[in-house]
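Novice: Generate the whole structure from the sequences, applying the supplied hints.
Protein chains: 2
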Amino acid sequence: MKNKILLLIYLYSFGCFSQNENLNLMPWPQEITIGNSKLVINPEFKIAINNKNSKRIDIATTKFLRRLSGRTGVFFENGFAYNTSEIKNATLEITYDSIGKLEIYEDESYTLVISKDKIKIAATTDIGVIYALETLLQSVSFNEEAYFFPEIKINDKPRFTWRGLMIDVARHFQPIDVLKRNLDAMAAVKMNVFHWHLTDDQGFRIESKTHPKLHQLGSDGLYYTQNQIKELVQYASDRGIRVIPEIDVPGHATAILAAYPELASKDTIYSVERFAGIFNPTLDPTNEKTYIVLADLFKEMSQLFPYKYFHIGGDENKGKHWNENLKIQQFMMKHGLETNHDLQTYFNIRLENILSKLGKSIMGWEEIMTPKMPTTALIHSWKGKNEGMPAGQSLINAAKKGYNTILSNGYYIDLMQPATEHYLIDPLPKNNNLTATEKKLILGGEATMWSELVTPLTIDSRIWPRTAAIAERFWSSSSVNDISNMYSRLENVSFRLEELGITHIKNRDVILRNITNNQNIEALVELTKVYEPIKIYTRNKGGIEYKSYSPFTLFADACTADAIDAIIFNDLVKDFLSTKNVSSKKEILIILKKWANNANLFTQIKKSNPILKTIEPLSKNVSEISESLLSIIESDSFESVDFLKLKNQYFKLKNPIVDVEFASLNSLKKLLEYYSLKNKHQIELN
Amino acid sequence: MKNKILLLIYLYSFGCFSQNENLNLMPWPQEITIGNSKLVINPEFKIAINNKNSKRIDIATTKFLRRLSGRTGVFFENGFAYNTSEIKNATLEITYDSIGKLEIYEDESYTLVISKDKIKIAATTDIGVIYALETLLQSVSFNEEAYFFPEIKINDKPRFTWRGLMIDVARHFQPIDVLKRNLDAMAAVKMNVFHWHLTDDQGFRIESKTHPKLHQLGSDGLYYTQNQIKELVQYASDRGIRVIPEIDVPGHATAILAAYPELASKDTIYSVERFAGIFNPTLDPTNEKTYIVLADLFKEMSQLFPYKYFHIGGDENKGKHWNENLKIQQFMMKHGLETNHDLQTYFNIRLENILSKLGKSIMGWEEIMTPKMPTTALIHSWKGKNEGMPAGQSLINAAKKGYNTILSNGYYIDLMQPATEHYLIDPLPKNNNLTATEKKLILGGEATMWSELVTPLTIDSRIWPRTAAIAERFWSSSSVNDISNMYSRLENVSFRLEELGITHIKNRDVILRNITNNQNIEALVELTKVYEPIKIYTRNKGGIEYKSYSPFTLFADACTADAIDAIIFNDLVKDFLSTKNVSSKKEILIILKKWANNANLFTQIKKSNPILKTIEPLSKNVSEISESLLSIIESDSFESVDFLKLKNQYFKLKNPIVDVEFASLNSLKKLLEYYSLKNKHQIELN
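Order-wise, the sequence lines are chains A and B. Position 279, counted from 1, in the first sequence is what the numbering used here calls 306; the numbers after and before it change by one each time, with no gaps. Position 126, counted from 1, in the second sequence is what the numbering used here calls 153; the numbers after and before it change by one each time, with no gaps.
In short, the hints are calculated from the structure, not lab data. Where a beta carbon is used, it is the ideal one built from N, C-alpha and C, also for glycine. Incorrect hints may appear among the rest.
Okay, the calculated beta carbon distance ranges per label pair [to be verified]:
1. A:640 with B:598: 44 to 50 Å
2. A:112 with B:343: 47 to 53 Å
3. B:333 with A:134: 47 to 53 Å
4. A:388 with B:86: 36 to 42 Å
Specialist: Written out as structure tokens, the structure reads:
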């Protein structure tokens with residue numbers, strides 16, 4: 028591990044370096060040199076800024092001091108930053124030129140120089156400064172005697188200008204404080220776009236003053252007031268983040284139609300959708316009232332969101348209700364619109380005109396990229412293998428056609444895949460055949476947090492820490508791509524997110540306490556370290572197992588991607604099978620013993636309940652096969668083991684129950700195969 | 028324990044009962060009968076309301092369904108309540124007459140009847156209904172097969188009409204979401220007044236549109252916008268809680284004077300106070316501008332807070348700056364005001380006039396009770412032993428003089444005393460000499476959460492669960508006062524507060540992970556179970572150890588009152604010393620062994636840091652004396668133990684370090700004394 032970090036440092040350093048400080052920086056900076064000395068964090072720590080006109084820096088420096096003090100326990104004499112003219116000998120000197128604008132290609136670069144008695148941050152904009160402060164916090168190190176900053180020199184700037192996180196607040200509403208803490212976490216990993224998916228079949232989450240029925244009838248009372256929206260946009264801006272609203276039309280519009288059925292393509296009764304999936308309710312693009320309502324709404328929204336792009340969704344409209352509506356068919360004929368795609372283009376172009384008059388540029392999912400769409404539009408690429416397409420193909424197409432574009436395919440964090448799956452996907456892969464001009468049109472990407480299966484209790488553990496790995500992909504050089512190095516830094520970054528109130532670690536135990544009715548949760552904690560929620564779209568098959576108000580307090584909700592013991596175990600097995608390393612074997616046995624003991628631990632829960640009963644097999648299954656494997660490995664033979672029983676144990680473990688799967692299944696399989704081969708047995712586990 | 032609960036049930040039951048269901052109700056209802064049957068919670072659970080005009084019930088029933096589903100894992104078919112006319116055969120039928128007003132003496136009563144296939148809630152007001160829903164949730168029980176409601180019949184109403192919690196947001200600002208979750212928790216234990224201590228020397232936390240300098244210069248940017256205040260007042264109202272604002276004047280006014288030094292009694296430079304304590308900056312009651320600013324401010328506030336009472340503080344003004352100000356002295360002479368007390372009366376009466384014109388009644392800390400104060404004022408009794416007065420004397424005085432009054436002395440939860448200290452204090456003690464009319468003037472009480480030493484990270488663990496015990500004191504019969512029964516129910520109520528987002532349990536581990544830099548926290552967790560923060564005003568002596576921006580992420584901040592192992596150990600020792608019970612002795616040995624092992628556990632933390640080093644002696648001290656005690660108890664002799672060493676170990680443990688104290692000290696002492704006596708040794712531990 029150490030060597031890998033050294034190598035990385037070497038690759039991106041711009042001068043001499045000597046000592047590896049094992050820094051947990053993420054995103055990894057473009058250029059870094061590490062020296063030998065330390066700047067000890069003591070009560071006299073003081074910050075000076077060359078001018079105090081930036082609210083962003085004001086907030087960031089104050090927060091910096093609180094976080095640094097909270098982390099280190101050091102009692103600072105000064106709790107606020109000064110103007111350079113006010114004090115001498117500040118520990119940290121900040122210089123910047125201007126207030127950054129939250130637009131694409133704004134200068135977000137910074138330099139950070141830590142020497143033994145002084146820290147200097149310099150940046151063109153205040154946004155660069157707040158990023159530098161985050162890097163500085165990530166560099167805090169300690170020994171027995173002190174907390175300190177290591178000597179480093181960093182030159183840094185983002186690879187991509189659009190580094191986003193989308194949160195879907197329609198499927199499950201997420202209160203303002205959930206969003207605020209996630210904005211803090213985004214800023215901590217230098218993300219700069221919050222894409223707010225505000226409407227969908229399951230909810231219309233914005234207070235509309237011009238058409239209040241929208242939030243009154245489309246939200247179950249769960250919506251953001253315009254005051255709250257203003258507050259959030261300001262909160263984001265203070266952290267260098269712009270907010271892009273999404274009003275998803277003409278499909279994904281059930282909640283709108285619950286309020287205004289007269290805008291529908293089919294004359295029927297609409298109510299807010301409780302299931303997940305792709306539904307048929309669609310706005311009627313031939314009805315002028317549709318454009319009146321949307322124009323009013325877009326106008327209201329454009330006053331709340333001061334930025335250039337406005338996301339109109341536009342995805343997944345199959346046009347079933349269009350096909351069934353005679354009036355719409357006649358309209359299409361009359362206007363020479365041959366396909367539903369043409370009709371949607373007509374619709375999109377009308378929206379583009381509305382937005383353009385409001386000074387906004389249209390942004391939408393890749394379906395909006397049709398021949399007539401002007402190249403001022405921003406194309407959001409999302410389709411891939413799951414939709415039967417090459418991953419991110421629309422991104423390349425969009426760039427070739429002259430559109431600005433961003434990538435979300437590969438960054439669907441709701442699918443519960445390991446961080447590495449996302450980390451290795453590059454918005455601008457090496458083997459593209461784009462020209463330099465076309466490459467520039469690829470602005471970056473967005474992680475997407477669809478919320479069918481998450482509530483405020485669990486959303487943080489679905490976003491973090493994996494989104495930090497994606498943030499690194501958007502910011503750092505494409506050559507920063509060592510997986511185990513990433514995981515090692517990610518663990519630290521993850522833990523530090525607790526400082527910002529992110530609940531991904533602590534809410535696991537909340538769920539487990541609930542499941543056990545406040546009994547000892549140890550057995551269940553251990554199970555969460557090796558069971559993961561089932562992936563891609565296997566949980567909630569067909570969208571009908573769960574309703575929006577179903578319980579998301581189940582064991583699967585306490586589990587996460589990248590189960591920690593599974594990662595460790597899988598690495599050990601890989602190492603052992605390739606090297607026959609004795610120490611790896613020892614570690615494997617330790618873990619197997621822990622797993623074998625789980626059934627024991629589980630029986631210490633004294634009073635069972637219906638939920639616990641459904642979980643018990645998870646414990647039993649892992650214990651049983653671990654026992655068998657232990658006896659095989661320890662005896663280096665299959666003598667003590669009944670083959671049929673063993674196979675049975677394996678297949679029981681392989682079969683997901685209560686929406687989780689055993690995350691070291693493949694390693695167990697390989698171990699079994701290795702030992703069976705070694706002992707001249709044949710075991711068939713497919 | 029079982030017998031005690033049975034006894035209680037018997038005392039407050041109004042009919043026959045048979046089976047003890049070990050219900051964790053808190054506050055305990057006025058009348059309850061428990062039957063034998065169960066109503067199993069299944070997917071068909073449905074709610075019907077006789078009319079759907081109450082937003083309170085609408086919110087409460089929806090939340091009820093989410094909480095019930097989340098707790099039990101049952102997937103409900105219906106996620107919302109119906110109107111009785113819409114459905115047949117609802118599981119839960121709700122009937123009420125009117126929308127409750129958030130005023131004193133409003134009817135908050137309810138009846139709740141659970142039979143094997145039907146639940147009925149009936150109440151005069153919708154407030155009664157939401158309380159009944161909380162009682163119903165508290166009654167959820169389970170076995171291996173199902174979650175269920177036990178058959179019960181409850182007639183319930185509060186003993187006191189004013190059941191408050193005060194939160195000081197001046198010393199440390201608490202964001203809106205912190206307050207919201209605490210309002211949810213208040214409602215869960217049937218509290219109905221949130222007293223919002225909005226201003227103090229350390230901060231002015233309200234946006235003022237008439238005098239914006241107040242929040243601009245008095246808050247470090249940490250204040251509530253008027254929109255947020257409206258939102259919170261509505262949020263509270265939806266939960267049956269009225270909000271009483273407090274603008275603390277004429278003392279505790281440094282933050283106001285930082286904005287308007289011209290209102291000060293002393294001509295000097297003011298800036299927001301960073302320390303804790305009682306300070307001299309005071310408004311000038313002889314300056315007409317003082318009344319202009321306050322009248323404007325009160326007018327703004329009275330539009331935000333629709334309720335009768337308005338708290339003007341009025342406490343702890345020593346008048347030092349008045350004495351030193353010639354102009355003020357001349358004013359006093361001219362107006363025949365002999366003492367500072369007279370001058371403050373003059374000031375208070377002017378405020379009373381301003382408020383009265385705004386349709387408000389004045390409320391203030393007990394110092395406002397002066398001869399000229401009209402009896403429309405509400406007197407807030409707070410002084411006691413710590414202030415050199417008999418506890419709550421002003422409460423009795425106020426009632427005798429004809430004032431409405433409430434008690435806070437004895438409910439200062441910031442002092443980190445055990446729940447029992449507060450629980451046993453009655454706003455209307457048995458041996459009072461009040462007439463029936465005077466008794467009626469005692470409206471209830473308020474727990475006070477002063478925030479010098481708490482931040483959003485820790486405030487919940489200072490408020491809860493102890494405030495639930497206080498809530499029971501305010502609601503239940505005075506004869507509900509069995510300590511161990513209270514603690515047993517409190518543990519469950521405490522755990523259930525997690526469902527409302529209260530962070531008191533989960534944030535302990537957040538702090539410990541920070542302290543260890545994400546290493547194994549087991550040793551520290553064990554220490555928090557037996558060490559408690561030092562009490563009364565011993566932490567932050569003189570208010571100068573901590574500044575408002577000092578770290579509150581220390582080990583003491585992870586500890587709480589009522590350390591769980593200490594409670595258990597102390598009970599065991601008490602039992603053992605009085606009964607010589609062998610099983611108690613066994614349990615004592617188990618705990619001592621655990622403690623003895625802590626030093627061992629502690630060494631498993633691999634990498635130390637400056638904070639960990641300060642905590643290590645806590646581990647060492649408890650381990651050492653536990654080792655000694657083990658050897659004494661197990662051998663029933665002192666032979667193996669060096670007396671001097673033992674005394675030394677005891678006094679090391681007795682001496683609080685890092686702001687915590689060993690909460691079983693007295694039990695250890697008694698054990699040592701018992702064994703030394705038994706072995707005819709003498710040990711001097713005083």
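Novice: Can you list which hints this structure breaks, lowest number first?
Specialist: 1, 2
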